[in-house]
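**Q** Each chain is listed here by its residues.
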Amino acid sequence: MVDVSQHELVPDHVLLDPEEVDEVLAEYDVTRTNLPKIKRTDPALPDEAEVGDVVKIVRNSRTTEEAVVYRLVVS
Amino acid sequence: MQTPKVLGGIDFGLMDPETYRDMSATKVITADTYDDDGYPIDMGLMDPRLGVIDPGLECRTCGSHSGSCNGHFGHIELAAPVIHVGFTKLIRRLLRSTCRECGKLALDEAQRDEFRDRYERAQELGDDEHDVLKAAVRQARKASTCPFCGEPQADIKHEKPTTYYEVQDVLSGDYSERIAAAMQPDEEEDDPGTSPQELAEKTDIALDRVNEIMAGEFRPRKEDRRAIEKALDVDLTEEDMNKLMPSDIRDWFEDIPDEDLEVLGIDSEHSRPEWMILTVLPVPPVTTRPSITLDNGQRSEDDLTHKLVDIIRINQRFMENREAGAPQLIIEDLWELLQYHVTTFVDNEISGTPPARHRSGRPLKTLSQRLKGKEGRFRGSLSGKRVNFSARTVISPDPTLSLNEVGVPDRVAKEMTQTLNVTERNVEEARQYVRNGPEAHPGANYVRRPDGRRLKVTEKNCEELAEKVEADWEVNRHLVDGDIVIFNRQPSLHRMSIMAHEVVVMPYKTFRLNTVVCPPYNADFDGDEMNMHALQNEEARAEARVLMRVQEQILSPRFGGNIIGAIQDHISGTYLLTHSNPEFTETQALDLLRATRVDELPEADGVDDEGREYWTGRTLFSELLPDDLSLDFTSSTGDSVLIEDGQLVEGTIDEDAVGAFGGEVVDTLTKEYGETRSRVFINEIASLAMRAIMHFGFSIGIDDESIPPEAEEQVDDAIQSAYDRVQELISTYEAGELESLPGRGVDETLEMKIMQTLGKARDSAGEIADQHFGDDNPAVVMARSGARGSMLNLTQMAGSVGQQAVRGERINRGYEDRTLSHYRENDLSAEAHGFVENSYRGGLTPEEFFFHAMGGREGLVDTAVRTSKSGYLQRRLINALSELEAQYDGTVRDTSGRIVQFEFGEDGTSPVKVSSGEGDGIDVDDIVDRVVDAEFESSDEKERFLGERAPPTNLSEHSGPGLNKASGVESDD
Chain G
9 MVDVSQHELV PDHVLLDPEE VDEVLAEYDV TRTNLPKIKR TDPALPDEAE
59 VGDVVKIVRN SRTTEEAVVY RLVVS
Chain F
4 MQTPKVLGGI DFGLMDPETY RDMSATKVIT ADTYDDDGYP IDMGLMDPRL
54 GVIDPGLECR TCGSHSGSCN GHFGHIELAA PVIHVGFTKL IRRLLRSTCR
104 ECGKLALDEA QRDEFRDRYE RAQELGDDEH DVLKAAVRQA RKASTCPFCG
154 EPQADIKHEK PTTYYEVQDV LSGDYSERIA AAMQPDEEED DPGTSPQELA
204 EKTDIALDRV NEIMAGEFRP RKEDRRAIEK ALDVDLTEED MNKLMPSDIR
254 DWFEDIPDED LEVLGIDSEH SRPEWMILTV LPVPPVTTRP SITLDNGQRS
304 EDDLTHKLVD IIRINQRFME NREAGAPQLI IEDLWELLQY HVTTFVDNEI
354 SGTPPARHRS GRPLKTLSQR LKGKEGRFRG SLSGKRVNFS ARTVISPDPT
404 LSLNEVGVPD RVAKEMTQTL NVTERNVEEA RQYVRNGPEA HPGANYVRRP
454 DGRRLKVTEK NCEELAEKVE ADWEVNRHLV DGDIVIFNRQ PSLHRMSIMA
504 HEVVVMPYKT FRLNTVVCPP YNADFDGDEM NMHALQNEEA RAEARVLMRV
554 QEQILSPRFG GNIIGAIQDH ISGTYLLTHS NPEFTETQAL DLLRATRVDE
604 LPEADGVDDE GREYWTGRTL FSELLPDDLS LDFTSSTGDS VLIEDGQLVE
654 GTIDEDAVGA FGGEVVDTLT KEYGETRSRV FINEIASLAM RAIMHFGFSI
704 GIDDESIPPE AEEQVDDAIQ SAYDRVQELI STYEAGELES LPGRGVDETL
754 EMKIMQTLGK ARDSAGEIAD QHFGDDNPAV VMARSGARGS MLNLTQMAGS
804 VGQQAVRGER INRGYEDRTL SHYRENDLSA EAHGFVENSY RGGLTPEEFF
854 FHAMGGREGL VDTAVRTSKS GYLQRRLINA LSELEAQYDG TVRDTSGRIV
904 QFEFGEDGTS PVKVSSGEGD GIDVDDIVDR VVDAEFESSD EKERFLGERA
954 PPTNLSEHSG PGLNKASGVE SDD
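Residue numbers (our numbering), protein chains in the order written: chain G, 9 to 83; chain F, 4 to 976.
Isolated chain G, as found in the complex (with noise of 0.2 Å):
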């Protein structure tokens, strides 16, 4: 089986600690459900996510370098 999160144009997924995650809902002034979702069931995702988690994706961007996004893991 192909790990599609392995694949050179998959960006890292990572999971933030509850902390972290803090600090980014504090840092935009959100609630968890106001930032973008992810299916749990997404192949990106690492294996230990669980739903409510917060992943932190560093992608590549055609304006920046890179562009950080994170995502609120949903079922």
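Don't read these hints as lab results, they were simulated from the structure. There's no promise every hint is true.
[Claimed, not checked] Computed, partial: chain F to chain G, Cβ under 8 Å:
1. GLU127
2. LEU128
3. ASP258
4. TYR891
5. ASP892
6. THR894
7. GLY900
8. ARG901
9. ILE902
10. GLY908
11. GLU909
Idealized CB from N, CA, C, for every residue including glycine.
Got chain G; can you put chain F on it based on the hints?
**A** Frame of chain G; chain F shown alone:
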């Protein structure tokens, strides 16, 4: 009544029939409208308590006159409940998911709570709640018996639009006959038949019971029925359809508990499901359905009134019949008829129902039709409104205007007004406008006194009125030069389609605009019309001037480059002026710069043979540049352009320098020197270019595309050799020796190779033609400078038009195995499949012309299809993105606060503020230089700031390179 100023929120829900009655001004019982004297009948459809439409009459409910009275609802008591068509789907869903006996949702408590949680979760996450609701209904529908009262549940069949049946499989009345028929031996199919004994064995039913069943004396129970059906392979059931009357449904819904409704997504406080079945029908006020008096004095009623008349008539007949004790059949028929009329009153475009028609056969426009669609209340009247203070006419070019200006015909200026608030300081000015009256140009059409009364200014009263004008009056004066107006060309595809211009009042009937604003509007002058809107308050005028003026739109947010700049002849002009750097005498030079603000020539570039001073084209162009501009880039002509300190040192100024869509000079000028400087430059470059092109003279005719006979021979040879090669390919193919390319069949390979060969043939024909054109050929000048046309166009005009294609292939359609009857069947040659060997100038043969028309038609169809497709796509995209907004913290969010982008465009920058082009985007060194230059006046100070290093003190011999004595002398490597 006081109108609310701030809305805290809006609740949507169903309306309680009691509320209908409460807000009703009167009960409506007669279908008639007016009596013989023309007065509205009491408790009729035009009852004066429902509001007034005739001027002068008084509303009997609120006492105000027509215009200030919005009208009042009445009501009709329906003789029997009917279903509201707008809710048929929801009714079906409720019928299917709740118990027919106790009304409870057919889910046990655990399931119910789970679905409620999922519903809340979906709301929180912004998912579609409908998915959860549908899942809940699907789950509840599965239950064959109610989990609470145990009542067996029937399936609900919905017959569109408003009929519902309960469907149950019950034992057919002729079950014994069916069993007997199935047990009969069938000789044709070799079926030996079944004896009762066998049947009893197979089904485990006692033999005497089987006999009883077969005699029709005993109705088999469900299990027995199933067993018999299985054994004999017969169907003993029939569907029993029990029609649910609206009154039954209403009773059913009344039993549904509030907490079950919550799971189904219904807020029981605002919407009880039984309210979906109408018992009272609200009658809209007369103001929503005004009657019109025709020329012959006859009254013509609104469609809604007609529909209401029908409803009342049937309603009365229904009541009469019921009271007279009419048979059930007739009652049901009338009930259905009432349902039909109420249905079409709400929506007259229901599928499966014939639309209610007017006497003339035209379908009636009822409630839904007023709201729906492009012309409906939402899209037609609320989102898009017709406005006052607007004008529309044909546009034409005027190169003497600034790009910020618009020429407005005097007759438009005299019709459209601006409100002038009179103060002590402008009384005289205001009086002068009024004194001029409505006919003379800077005049006035109306004045408004402080008491709010509007007076029309006429030729007769203007002198008199002018004297009365004081401070605090308002004068509606004509448009004058310098007023700001909004100018627009449809389709308004981007924000530059609507820009603010300054008025220049002019004679004649067209709007005039500078040609450089054609690209943002996508306008030309072949009959295009544009709209103008006069602004009516100071705030709007200020906003338009600051944000919407043309010069503020020079840079396009689409790609960050300029969208306003030189076009077409401007580019040919600058090309002629700078390409070969011609020389001009003083008179000529002054003439070229006449329309610019330059009124003194720079130092001459030299002296000609006759001792007269001359100036070069590049010097004259440089006069328009700021003194400290330095740039270098490659022009579209292909040479490198160098501008140093505001002087064009070398290179051709063409599309890539000054053109619209990213001309380097215009782009940098706008970004570094500001919009105002850029506007001045564009205006001046346009004037200079027009002067230049007029100086040289520029025209094009058919002879400019002709090539010498020897060149024509060369072209013929090139094409002939291509033909030979094609012929070769065909013979290889026919001999079966053609090798197919990877992934393609032999036929495809042949086609590809032929296309390739013929493509090359056209290109070489183009090259040959190109060699014979002089550099001063106007078509070449236009193509090279990027003003108009391409080298391909030139090739087709002078060399060969080339292969015509339909759907990307050579032309293959037409007759059986051939394109035209002029060719043999299965002829694969170039000319039989649409290769046009001739040039446009030389003329096409009839066959070539036909093939060319085929290719041309495809192009036309494509553009037509593309515009409609992309228009709809854009509409959907705009609707999807319309509520997104960049916030002050740099994020992009929708209206509910959900984050869409964590940083606008991922880099948080506006495209118009960033340098365009492929480079790094930000040239840090350049910015540092500029900041430092601006900060320090003398170069000494700057030097000190940049080169400031603390002088080393107490230098030890142990520090410094190569001097570290502690570890010995270091070597250099």
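**Q** For every hint, state whether the structure bears it out.
**A** Quick rundown of the hints versus the structure:
1. GLU127: holds (5 Å)
2. LEU128: holds (6 Å)
3. ASP258: violated (34 Å)
4. TYR891: violated (11 Å)
5. ASP892: At 7 Å from the nearest chain G Cβ, ASP892(F) passes the 8 Å test, so the hint holds.
6. THR894: holds (6 Å)
7. GLY900: It holds, given that the least Cβ distance between GLY900(F) and chain G is near 5 Å, below 8 Å.
8. ARG901: The hint holds - ARG901(F) has a Cβ within 8 Å of chain G, the shortest such distance being about 5 Å.
9. ILE902: holds (6 Å)
10. GLY908: holds (5 Å)
11. GLU909: holds (4 Å)
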